[in-house]
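Protein sequence lines, in the order shown, are assigned to chains A and B. Heads up, the first sequence stops at 495 in this note's numbering, and the numbers go up one at a time, no gaps. Heads up, the second sequence stops at 495 in this note's numbering, and the numbers go up one at a time, no gaps.
Heads up, a few of these hints could be off.
It does not matter which identical chain is meant; a pair holds if it fits inside one copy or across any two.
Pairs of lysine-lysine, DSSO-like flavour, derived with a Cα cap of 30 Å [said to hold, decoys possible]: (1) K275 / K394; (2) K316 / K275; (3) K43 / K69; (4) K43 / K84; (5) K378 / K275; (6) K477 / K373; (7) K275 / K149; (8) K316 / K394; (9) K394 / K310; (10) K275 / K477; (11) K275 / K174; (12) K69 / K477.
In short, the hints are calculated from the structure, not lab data.
There are 2 protein chains.
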Amino acid sequence: MPHVQAWKEYQSANKERFLSELLGLLRVPSISAKGEHKADMQRCAELVKQRLEEAGVDKAEIYSTEGHPVVYGEKIIDPKKPTVLVYGHYDVQPADPLDLWHSGPFEPVLKDGKVYARGACDDKGQFYMHVKAFETMSKTGTLSTNIKFIIEGEEEIGSPNLARFVVAHKDLLKADVVLISDTAMISMDHPSIDVGVRGLSYIEVEVTGPNRDLHSGVYGGAVANPITILCQLIASCHDKHNYITIPGFYDDVVESTPDERRQLAHAPYDEDGYKTDLGVKALWGEDGYSTNERTGIRPTLEVNGIWGGYTGEGAKTVLPSKAYAKISARLVPRQSSKVITQKLLDYFTHHAPPGVTVKATEHHGGEPYMTPINSVAYKAAAKAIETTFGKQPIPVRGGGSIPICSLFEKELHNQVIFMGFGLDSDNLHSPNEKFDLFNFYKGIETIPYFHRYFAELKHG
Amino acid sequence: MPHVQAWKEYQSANKERFLSELLGLLRVPSISAKGEHKADMQRCAELVKQRLEEAGVDKAEIYSTEGHPVVYGEKIIDPKKPTVLVYGHYDVQPADPLDLWHSGPFEPVLKDGKVYARGACDDKGQFYMHVKAFETMSKTGTLSTNIKFIIEGEEEIGSPNLARFVVAHKDLLKADVVLISDTAMISMDHPSIDVGVRGLSYIEVEVTGPNRDLHSGVYGGAVANPITILCQLIASCHDKHNYITIPGFYDDVVESTPDERRQLAHAPYDEDGYKTDLGVKALWGEDGYSTNERTGIRPTLEVNGIWGGYTGEGAKTVLPSKAYAKISARLVPRQSSKVITQKLLDYFTHHAPPGVTVKATEHHGGEPYMTPINSVAYKAAAKAIETTFGKQPIPVRGGGSIPICSLFEKELHNQVIFMGFGLDSDNLHSPNEKFDLFNFYKGIETIPYFHRYFAELKHG
């Protein structure tokens, strides 16, 4: 390919700047879940817009929403050429618990060839690979597709305003494929492409017992303790086989065929290494399924947070008035986020004893999504990865969720391709999130090939 | 009785000062559970000592311990006369949750004839009745017994250092009876005397799953979630009859006789009023027992606090590394705090699945205590209350715990008499703790009669 040498030279000459720009992005605490970061969100959006402009887009714009702004940018080289819509998000998860970070979550640190910061991998480091890959093609005059960027600020809170934006801007967003780097590979030695992401139903439960905190000696044993009841409700969500007991939870699950499960069993997986990495003596999960199946093809239910009563130093003999939990389910194809959310809300609301009242509310949700592996775009992605990694990528099912995928398919009629360059061990959503610089640069190296192959295969 | 008029006049003339001194005590945030209040504890002890001196003791002293100091004071009128040892505590429970207080917990407010502050009833307001009753007798020259005060600073954390102090100062503390006002009456219309307090076993449980917080999509369903496991452990502590399932928990419980239960059933109890006061539609507890039985003669197990994962604003899709709970049991006669604590620790440590590790530690404990109703001291207390209330007090079993009672009996060979003037609705350990000024003054009025009757009956 004629452009390969130009890409290499450009990327090599600008390597340091690419990284220092990423560090600048990582310094902005763009936590979408917390109201106190509203100004940071705006600042981050403006920085993304500026970087898109510098990279060579024809136009870039910040669109306000009822929540955090969406950044849009485009470069149209020829309306007759195929168009790639790159989706990413500049918002990040909250950084708590702060005391477990080895360095400040918004003071990126380089160590052992990795950058440590909240958002390093999810998703600032990954969407920025696209900005720098685009710059590479743009500045070397080697663009082979039109390109559109939509970088939003609400992915980590379920993209509550993006649907309206997409519906209102269908023409603006018109494309041939949606390309997303917000997932992981098995490893750099075992490149893979996610062919599905799970859906999400996220609820919050508030259990109220007595109208005030009580002395646990004076009233204990005679009044329902909302913590105890909440624990009973949560415990009853799984049976002894770790099967989820919410009525109808599995009704719409598409069971994988024996053939799919055989394929999945061939993906590299080292159980001892997995346990050692996590520091656990034994794994846990639904009986009859492997780890890769539990995190890929099966729906799950996790408690993400719980609190109630006295949680300070020492002891307090209180029977509290309230207890709370944040609970979310991951969904697989044919499960509907709306349906499952309602089932969860109903379960918690209707299964409590009469001594308490339960208020269950929805946080956010997203539909599961699967992409076919026989599409032109999938083939282009696989070929690009094979070119730069020297190995054919394995198709796998990802455990995480990207709520907006099903919307892109429904409203824009585009398939979504996941070219993730992260690793499961990148501590996404955890303290000490990281992104390997090798992966960052490998992504920037690989993405231009995708555009090239996609244009070729599309026209061929 | 010749002194009655003198007492009345003295108390009437000094009523306002009694209250303003109490408010001064309530302004000191003497929270024993929190290390940051160490200086406040010392300051509170010094204030108690000063007030004892002003009230007329011969000597007062602050004894250091490995924890918070003990205040001692005495007035010996005649070594041949009986001696009453008054026990109380100047420490208070933590004030959280602060946002539910209508006024600052350490900024006492007078409203509708009540004083609102942490410690108003438990136990500053109640032990201070004894200081002012003593002052009344002392200043009017009407003392009929010797009196010793032991006011400690660690009752709310299980009196960890008082045992050593008592053992080391048996001569100093030599007395004929221990008198404590740290309990409640049924109501001012239904005066009662607690004949027992429950014991306590208080533990903290830490469940650790993976060695770091994880992305709940990437790892959820394949790794044990410590919150889920903790909830399962807590849920399994009660069966569907709300009977406690910890093996051997009930082994040493002395079952009440049908006659005792019949007597208990005669204590005034208004179930509708009880539910309305607490804002609950239904009560909850061990099948086959009434509310008064559940809070008096039966042991109980309550979760006092729980926390883990993300508890902030919005949603975070995390599978946390750790989850915690504070759990305590109330014990009835023949149950041993040490034995039950060990059973609780064993239960939580040994019943978790292999995917997590559980660390369970003891906070503190205390033995249950019962006092006979045919003793001279009980008769003196009953007669004193009958004198000022115009009604015979009903003997009842209290639900709370005063860890030191069994020690007084064991080391000092003294029975303990509970003359409580609080109410269950005084919001002990809760926001907006209060003490009715009527009760405060009624206590100061009643206590001198106890001393008088005790001296008479003892010699009679």
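Query - Intra- versus inter-subunit Cα pairing at 30 Å for K394 with K310 - result: between (37 Å within a copy, 20 Å between copies)
Query raised in the report: Between copies, within a copy, both or neither: which fits K378 and K275 at Cα up to 30 Å?
Result: both (21 Å within a copy, 24 Å between copies)
Query raised in the report: From the Cα coordinates, with 30 Å as the cut-off, is the pair K316 and K275 best called within, between, both, or neither?
Result: within (19 Å within a copy, 32 Å between copies)
Query raised in the report: Within a copy, between copies, both or neither: where do K275 and K394 come within 30 Å Cα-Cα?
Result: This pair counts as both: shortest intra-copy Cα distance 27 Å, inter-copy 23 Å.
Query raised in the report: Using 30 Å as the alpha-carbon threshold, which applies to K316 and K394: within, between, both, or neither?
Result: between (37 Å within a copy, 15 Å between copies)
Requested in this report: Measure nothing new, just compare the shortest in-copy and cross-copy C-alpha distances for K275 and K174 to 30 Å and report within, between, both or neither.
Outcome: Neither. Shortest intra-copy (59 Å) and inter-copy (71 Å) distances fail the 30 Å Cα cut-off.
Report task. Go through the copies and call it for K43 and K84: within, between, both or neither, with a Cα cutoff of 30 Å. Result -> Only inside one copy: K43 and K84 sit 25 Å apart there, 82 Å across copies, limit 30 Å.
Query raised in the report: For the identical chains here, do K275 and K477 meet the 30 Å Cα criterion within one copy, between copies, both, or neither?
Result: neither (44 Å within a copy, 58 Å between copies)
Requested in this report: With 30 Å as the alpha-carbon cut-off, assign the pair K275 and K149 to within, between, both or neither.
Outcome: Classified as neither; 41 Å inside a copy, 52 Å across copies.
**Report entry** Homomeric proximity label, K69 with K477: Cα distance no greater than 30 Å
**Finding:** Close neither inside one copy (33 Å) nor across copies (52 Å); limit 30 Å.
**Report entry** Intra/inter-copy verdict for K43 and K69 if alpha-carbon distance must be at most 30 Å
**Finding:** neither (41 Å within a copy, 61 Å between copies)
Query raised in the report: Is it within, between, both, or neither for K477 and K373, if the alpha carbons may be no more than 30 Å apart?
Result: neither (38 Å within a copy, 61 Å between copies)
The structure fails to meet hints 3, 6, 7, 10, 11 and 12 from the earlier list, while all remaining hints are met.
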